[in-house]
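Given next are the chains, with one letter for each unit.
Number of protein chains: 2
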Amino acid sequence: MTKSIDFYFDFISPYAYIAHKKIKIINSKNRPIFNYKPVLVGGLHNLQGITAPAFIKSKLKHMISDCDLIAKKNNFDFTWNSKFPLNSLSIMRGYLFINSDIKSLYLDIMFQAYWKDNLDISNEKILITLLEKCKIDTNNFFQGIKDPKIKNELRDVTKVSNDKEIFGTPTFVINNKIFWGQDRLEFALDEYNK
Amino acid sequence: MTKSIDFYFDFISPYAYIAHKKIKIINSKNRPIFNYKPVLVGGLHNLQGITAPAFIKSKLKHMISDCDLIAKKNNFDFTWNSKFPLNSLSIMRGYLFINSDIKSLYLDIMFQAYWKDNLDISNEKILITLLEKCKIDTNNFFQGIKDPKIKNELRDVTKVSNDKEIFGTPTFVINNKIFWGQDRLEFALDEYNK
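One line per chain: the protein sequences are F and U, in this order.
Residue 166 in the working numbering is what sits at position 166 of the first sequence, and the numbering runs on without skipping anything.
Residue 133 in the working numbering is what sits at position 133 of the second sequence, and the numbering runs on without skipping anything.
Same shape as in the complex, but just chain F:
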């Protein structure tokens, strides 16, 4: 079995967006070693009694300036989403529903819509334009994400993540070790290269 780094993400997380941008740079230089795992960060927080920074005034304020600084340092386009925190459930389920060959483009388009273009991705009209960019059949998509199989799959990944003691996004897992935060990607790579 080829070794890889599991990357737990939720489109709702600005730090997951930053991690995704960093991963793209790494992937452009090597064979892909990251295995994307969608997980509902709100679900993890609920299960573990964690109040998200989004709901603590001082933390939210710091997070906005912190993300801005990190993005600038890395030359990543970044705009704080003025409707944060938006509900990401549809696009998270969508990631599980769509075909494998479209997942990479879908990640780019959804992350960019949320964290670069300041779009309300919980709005169906906006979502449709994004799906069209991905050349995804929208009727098929909206039917697919209602499928109990897909709903359960996302719920199950979140449950299993909770059992593994993952508590936020982005999280990297390699050799059963957990690294939390975009600024711990380096540590995950160290573990990978051990």
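Keep in mind that the hints are not guaranteed to be accurate.
Since copy identity is lost for identical chains, a pair holds within one copy or between any two.
[Said to hold, decoys possible] Calculated lysine-lysine pairs in the DSSO-like style (CA-CA distance at most 30 Å, straight line):
hint : residue 1 : residue 2
1    : K135      : K177
2    : K194      : K22
3    : K72       : K149
4    : K72       : K159
5    : K73       : K22
6    : K72       : K22
7    : K164      : K72
8    : K146      : K177
9    : K159      : K29
10   : K133      : K194
11   : K61       : K194
FYI, nobody ran anything at the bench for these hints, they're computed from the structure.
Using the hints provided, position chain U relative to the given structure of chain F.
Chain U alone, transformed into the frame defined by chain F:
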């Protein structure tokens, strides 16, 4: 007025210990630019409705391995305190009480006792041996930290920090900008050097 970076710390915070070690390296190469501000991190958490990682099983577990990794990467001696979280109130009040010329040694000895030597610094006998190392008169110390003036001073710094929307330790403040976490020291220095 000479520009400086305010460094908000609590001895209870392992990341504050790591930040202190980093600051010592920076100070060894330049004139000191850090202004140490003791703040009760538990007080900030209470005021802002934050549950400390110490009380969330998964976060605590991650914090232990994370601190260990960061310390290793920086060649800092570090041992997780087996009695974490210990009450730091006496040594925090003590920092305000002692004379200025002894504060730097006191910082080193208390941080090291907590985060390198795995000592129970809430134990009076152990604290006495540490105070003796600092050449502090112990009777004088224990009387001093009971002084309402000292108690109020620590409470006031914590209150003012809360008003400034500081929510954890270590925190760096420069030009009214807040940088949270030992891994944001670099950002604070960037702001300082602007």
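Subject >> Identical-chain pair category, K61 with K194, by Cα at 30 Å >> reply: Classified as between: cross-chain Cα gap 22 Å, same-chain 37 Å, threshold 30 Å.
Subject >> Same-copy or cross-copy closeness of K194 to K22 [CA-CA at most 30 Å] >> reply: both (20 Å within a copy, 26 Å between copies)
**OP:** Classify it for me, K72 with K22: is the Cα-Cα distance of at most 30 Å met within a copy, between copies, both or neither?
**Re:** both (13 Å within a copy, 24 Å between copies)
**OP:** Measure nothing new, just compare the shortest in-copy and cross-copy C-alpha distances for K133 and K194 to 30 Å and report within, between, both or neither.
**Re:** Answer is neither; intra-copy 40 Å and inter-copy 41 Å both fail.
Original post:
How would you classify K164 and K72 at a CA-CA limit of 30 Å: within, between, both, or neither?
Top reply: This pair counts as between: shortest inter-copy Cα distance 25 Å, intra-copy 33 Å.
Subject >> Up to 30 Å CA-CA - K159 versus K72, copy category >> reply: For K72 and K159, neither the intra-copy (35 Å) nor the inter-copy (32 Å) Cα distance is at most 30 Å.
**OP:** Using 30 Å as the alpha carbon limit, work out where K72 and K149 are close: within a copy, between copies, both or neither.
**Re:** Neither. Shortest intra-copy (40 Å) and inter-copy (44 Å) distances fail the 30 Å Cα cut-off.
**OP:** State whether the alpha carbon distance between K135 and K177 is at most 30 Å within one copy, between copies, both, or neither.
**Re:** neither (37 Å within a copy, 44 Å between copies)
Subject >> Intra- versus inter-copy proximity for K22 and K73 (alpha-carbon distance at most 30 Å) >> reply: both (12 Å within a copy, 21 Å between copies)
**OP:** Measure nothing new, just compare the shortest in-copy and cross-copy C-alpha distances for K159 and K29 to 30 Å and report within, between, both or neither.
**Re:** neither (33 Å within a copy, 49 Å between copies)
**OP:** Check K146 against K177 for me: Cα-Cα at most 30 Å, and say if that holds within a copy, between copies, both or neither.
**Re:** neither (34 Å within a copy, 45 Å between copies)
Violated hints for the displayed structure, listed by number in ascending order: 1, 3, 4, 8, 9 and 10.
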